[in-house]
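All chains should be built: construct the whole structure from the sequences, respecting the hints.
These are the residues of each chain, in order.
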Amino acid sequence: MTQPVTIIMIEDDEGHARLIERNIRRSGVNNEIVSFANGTDAMLHLFGADGSGLVQKGNALLILLDLNLPDMTGIDILRQIKENKYLKASPVVVLTTTDDSQEIKRCYELGCNVYITKPVNYENFANAIRQLGLFFSVIQVPPAAT
Amino acid sequence: MTAEAQRRRAFWQVLLFSAGLLVLTAISAGSVYLVNKARQDAEWVVHTIEAQNQINALLLEIRRAESTARGYLLTQATDFKADHEKAVAAIIPALDRLTRLTGDNPAQRANIEKLSAAIETRLGQFAQEMDFISQGHPDKAAAVVREVGSTDTTAAIAKVATAMIREEERLFRLRTVNSDRSQTLAASMTGIGSGLVVVLALISIWLVRRSALARDEAEARLRDANVNLEAVVDERTADLREANNEIQRFAYIVSHDLRSPLVNIMGFTSELEELGGDIFRRISSLARARGDGTPPAPAGPGEIALEGADKQLSEDFSEALGFIKSSIAKMDRLISAILNLTREGRREFQPVKIDTRELIAAIVSTVAHQAAEARAEIHLEPLPDVVSDRLALEQIFSNLIDNAVKYLKPGVPGEIRISGRTKLGYAIFEISDNGRGIDPRDHQRIFDLFRRAGTQDKPGQGIGLAHVRALVRRLGGTMSVSSELNAGSTFTITLPIAWNVNNRNADR
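Sequence order for the protein chains is A and B.
In terms of the working numbering, the first sequence has 79 at position 97, counting the first letter as 1, and numbering is strictly consecutive.
To convert a position in the second sequence, counted from 1, into the working numbering, add 5.
Just so you know, these hints were derived from the structure itself, not from any lab.
Every value quoted in this text rests on a predicted model; they were computed, and no experiment measured them.
Treat the hints with caution; some may be incorrect.
Keeping only pairs whose Cα atoms sit at most 25 angstroms apart, straight-line, the calculated SDA-like set for lysine to any residue is [to be verified]: (1) B:Lys42 x B:Ile32; (2) B:Lys330 x A:Asp(-6); (3) A:Lys87 x B:Ile343; (4) B:Lys335 x A:Asn109; (5) B:Lys330 x A:Gly(-3); (6) B:Lys335 x A:Glu(-4); (7) B:Lys330 x A:Glu(-4); (8) B:Lys330 x A:Arg8; (9) B:Lys330 x A:Ala110; (10) A:Lys87 x B:Arg352; (11) A:Lys87 x B:Gly350; (12) B:Lys330 x A:Pro101; (13) B:Lys335 x A:Asn50; (14) B:Lys330 x B:Ser265; (15) A:Lys87 x B:His261; (16) B:Lys330 x A:Gln62; (17) B:Lys335 x A:Asp82; (18) B:Lys335 x A:Arg8; (19) A:Lys87 x B:Leu263; (20) A:Lys87 x B:Glu349; (21) B:Lys335 x A:Ser83; (22) B:Lys335 x A:Pro101; (23) B:Lys335 x A:Arg7; (24) A:Lys87 x B:Phe354; (25) B:Lys330 x B:Asn345; (26) A:Lys67 x A:Ser83; (27) B:Lys330 x A:Ala(-1); (28) A:Lys87 x B:Asn250; (29) A:Lys87 x B:Ser341; (30) B:Lys335 x A:Ala110; (31) A:Lys87 x B:Val392; (32) B:Lys428 x B:Val392; (33) B:Lys330 x A:Thr80; (34) B:Lys330 x A:Asn106; (35) B:Lys91 x A:Ala(-1); (36) A:Lys87 x B:Ser265.
In structure tokens, the structure reads:
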């Protein structure tokens, strides 16, 4: 059974969110994109009111995560996703301005699947997102564990 | 204790010492003087006694002469005559001795004259008696004796002698008193002097003890102060490190957070550009449709045929966007530079042994192409090896050599010289060129971040030297420039020969 993959975008900067979405669409990816501007809302959506992650059971998710959020760090969200039995199989793409090698290493250690630094140069930025879109169109995302 | 008190104490000690010395000298001089005086007095006393003795001896001899004369008169025995002659012979020398002994005293001299006269008379009478006896006229001799007895010659002699003895006794008493007084004086002088010296010594000891106590106290305070100082230095160093780290973090976060809106500005500017393209394409097709009635053909991408005012609008639009984009690009470079600097500031140095000449030769080979273009020659002199961070040294020297090649005088063959020497545990490197030089007014400015000097005809961000100086400082070294406009520049770098984690003077 193939289930349409939902893209969860956790990005506090609305402009970035809009640019990312636009470029994903341009690459021909038409999946539903759910945006969150802060960590709390995103956590609520991902883990449900009880914090167990049961609400996402059976859903195929792909998570786009910014590390610099106003209310919590993306690293925390990443860790909790990768520790949750329903969510840990969902691919997480960290898309952020931080290009500190320590930070990148830490994200991969925590189970991040792809780490992309947002380039200021828009062409590079658009390119990166479009390639990510291509990546989305071919990636196989397993539904959350039952 | 204050310096004033210390000076006062030292002054008192010197004063005490001088006083002690003075007292000792006075005592010595006084003692010598008084002892001499006492000896003289004693001599005078002895002299008096001798004089008395002499008077008595003289009287004795006269009596002896008298009694022997009488014995001879009575017995006419020659024994008496011999004794009498001996006694008479002794009288004159005894009188002479007495005269000598009492010569110093005018009163006694008068007495002596009287005595000598009396004795002479008496001696004459003795001679007369003897003559009469030896001539066999004992009756005449007896008459002389009787006559002598009736006259006062003998009495005069006795009277004068007594007077002399009295006088000598008076002198004896006087001189004894004098002598006693001298001795008492000498003794008391010595005693008082010794007492004074002892008192001075006691005061000195007390002062020295007080000084020692004060010194011990001061030492204790100094120790405390040192300990405190170390604590304070540690504390300040910790504060400084904290502040430095804070600045690093601040710079890092700020540059990150600045980047985030920049992504938006750039992104939407690009979107706007595309949008602008779309709009002007639409305008162009509409204008064409209205102009010649042909159906608006979809214009090919990139080529927008506009005319007149529309063309002007499009150009203005593109120009504005162009400025925005170039500014964003510049801002991005600056932010990246700050980020790189903070990252450099956080990098841990790894001290390794570095063959400096080899390292610089490698750098020189990377700029060989630019050097050849600028017709520049790079001379590498023997350089001291150092233990330091390889990457940092590479960055330092490549920045400086790059600059030297970059800022040569146009049209003049460049000559760049890299030399080195060691001094007191430091390696000193000099990178000199014959390039365009730097105005002395700009010598400070060129080390500031984002600041440049001179003709701005070469690309650059104004980061290189700021970065180099930060690195040199972190490596525990110093850096300076000496240069005149149009007269070349020399950058001097002083680095510790053996760098280790402890002698860095920057963070951590």
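Outcome of the hint check:
| no. | hint | result |
| --- | --- | --- |
| 1 | B:Lys42 x B:Ile32 | holds, 15 angstroms |
| 2 | B:Lys330 x A:Asp(-6) | holds, 24 angstroms |
| 3 | A:Lys87 x B:Ile343 | holds, 22 angstroms |
| 4 | B:Lys335 x A:Asn109 | holds, 21 angstroms |
| 5 | B:Lys330 x A:Gly(-3) | holds, 17 angstroms |
| 6 | B:Lys335 x A:Glu(-4) | holds, 24 angstroms |
| 7 | B:Lys330 x A:Glu(-4) | holds, 21 angstroms |
| 8 | B:Lys330 x A:Arg8 | holds, 22 angstroms |
| 9 | B:Lys330 x A:Ala110 | holds, 19 angstroms |
| 10 | A:Lys87 x B:Arg352 | holds, 16 angstroms |
| 11 | A:Lys87 x B:Gly350 | holds, 20 angstroms |
| 12 | B:Lys330 x A:Pro101 | holds, 14 angstroms |
| 13 | B:Lys335 x A:Asn50 | holds, 24 angstroms |
| 14 | B:Lys330 x B:Ser265 | holds, 16 angstroms |
| 15 | A:Lys87 x B:His261 | holds, 18 angstroms |
| 16 | B:Lys330 x A:Gln62 | violated, 39 angstroms |
| 17 | B:Lys335 x A:Asp82 | holds, 21 angstroms |
| 18 | B:Lys335 x A:Arg8 | violated, 28 angstroms |
| 19 | A:Lys87 x B:Leu263 | holds, 23 angstroms |
| 20 | A:Lys87 x B:Glu349 | holds, 18 angstroms |
| 21 | B:Lys335 x A:Ser83 | holds, 24 angstroms |
| 22 | B:Lys335 x A:Pro101 | holds, 14 angstroms |
| 23 | B:Lys335 x A:Arg7 | violated, 30 angstroms |
| 24 | A:Lys87 x B:Phe354 | holds, 21 angstroms |
| 25 | B:Lys330 x B:Asn345 | holds, 22 angstroms |
| 26 | A:Lys67 x A:Ser83 | violated, 28 angstroms |
| 27 | B:Lys330 x A:Ala(-1) | holds, 21 angstroms |
| 28 | A:Lys87 x B:Asn250 | holds, 22 angstroms |
| 29 | A:Lys87 x B:Ser341 | holds, 20 angstroms |
| 30 | B:Lys335 x A:Ala110 | holds, 22 angstroms |
| 31 | A:Lys87 x B:Val392 | violated, 31 angstroms |
| 32 | B:Lys428 x B:Val392 | holds, 15 angstroms |
| 33 | B:Lys330 x A:Thr80 | holds, 22 angstroms |
| 34 | B:Lys330 x A:Asn106 | holds, 14 angstroms |
| 35 | B:Lys91 x A:Ala(-1) | violated, 162 angstroms |
| 36 | A:Lys87 x B:Ser265 | holds, 21 angstroms |
The structure fails to meet hints 16, 18, 23, 26, 31 and 35 from the earlier list, while all remaining hints are met.
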